[in-house]
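Start from the sequences and build out the full structure, keeping to the hints where you can.
Under mature numbering (1 follows the signal peptide of the UniProt record, and there is no 0), residues -29 to -1, 1 to 349 are what the sequence shown spells out, in order.
Among the hints, a few may not be true.
What the hints assert, rightly or not - Think about it this way: if two alpha-carbon atoms lie no more than 20 Å apart in a straight line, the pair counts; the simulated DMTMM-like pairs of lysine to aspartate or glutamate are:
hint : residue 1 : residue 2
1    : Lys75     : Asp134
2    : Lys191    : Asp223
3    : Lys75     : Glu157
4    : Lys191    : Asp100
Since the hints were made in silico from the structure, they are not lab data.
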Amino acid sequence: MSQTTLRRKFAAGLTALATAAGLVVGAPALVGAQATEQGSSASLGSAGSAGAPPAAPAFRPAGGNEDPRGNRGVLRPGCWYDEQARSWVQFCNVWSPSMNRDIKVQVQPARFNGNAGLYLLDGLRARDDWNAWTRDAQAHRIFLQDNITLVMPVGGQVSFYSDWDRPINLGGNLLEYKWETFLTRELPVYLERHFGVSRTNNAIAGLSMGGSAAATLAAKHPTQFKQVSVFSGYMNPTAPGMYTMIPLAMFDECRCDPFAMWGLPGSPRWGEHDPLLNADRLRNIPMYVTAGSAIPGQYDQPSSLQAVFNTFNGIILEGLSRGSTLAFQNTMNAAPNKATFNYRTTGIHGWGYWNDDLIAARSAQILPEMNAFAWAGY
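Here it is, written out as structure tokens:
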């Protein structure tokens, strides 16, 4: 069977699953209604692979001295500068006892040595060489003049940034996947020691898979994360149809066993990682949550058959995200909460929109909640 045929079957499966799940209204309406993350094939993860839609447009931060305290001009142990991203971003190898290997993390130190941190999580297609927030988006430029350290873990393909029940087989390599342990126990020790980031003064944000994971990690570790931003996340993975959709997308990406993550569908571990089911634990945490309409917008101008395919998948996937986000909002609003929901009138699953979402979240919640404005360092 050709790759083109496989992709057509997979896209058809996505449409059928979205309709069956009741998250969108009718398959024909999807082309003008809703979306998720897009790439060279349908996915719940980032679109930073070959054939992916274009990256976000360049961001121009305000001018000024970028390193007034000399904090950014010092390489920490195990680190080297990111010559492509620049903007004082360092690659750092951080040893993970739980995963028994070094985990690469990209870090942009705070402008004025502030102790606030912002964890930025990637999507399902997370790569092993960089975090897409520094390539497909402009996170390092957006926060260049702010008093907050960006923490961007590299890797974690299909992981949902969780601790897996069993090791994952990636391309013949059997790896321990203990991402929650790394992000909440191991990495904070390194960041506090070498970058001055407090273990209790952090925000967390992510797109798609990373958005769902950001909400889950904040719910489970509220003393570490004081604010959470979710862009096009999947906020109800235990909803009808998602038990099929998520494993299907994971297998399409990694050709690995998706049930090595949380066990078979319906197991308690799935519920533990469902933001909607954890709503009570999130109501006291400021949240900035977005989803697109799945109507193609300013960043969607396909000029090739591959781009048309990517756009179609983005429409389907954002529809799933929109539906689950609305369900999450309804559950959150059953009691007082600190969440802000922003639904774009256009936009499918793509980096241009997530870049805009991060810009909006920065001023609306991240900097105010973390007291990380540039002037906070004076």
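For each hint, the structure was consulted:
no.: 1; hint: Lys75 with Asp134; in the structure: holds, 17 Å
no.: 2; hint: Lys191 with Asp223; in the structure: violated, 29 Å
no.: 3; hint: Lys75 with Glu157; in the structure: holds, 13 Å
no.: 4; hint: Lys191 with Asp100; in the structure: violated, 28 Å
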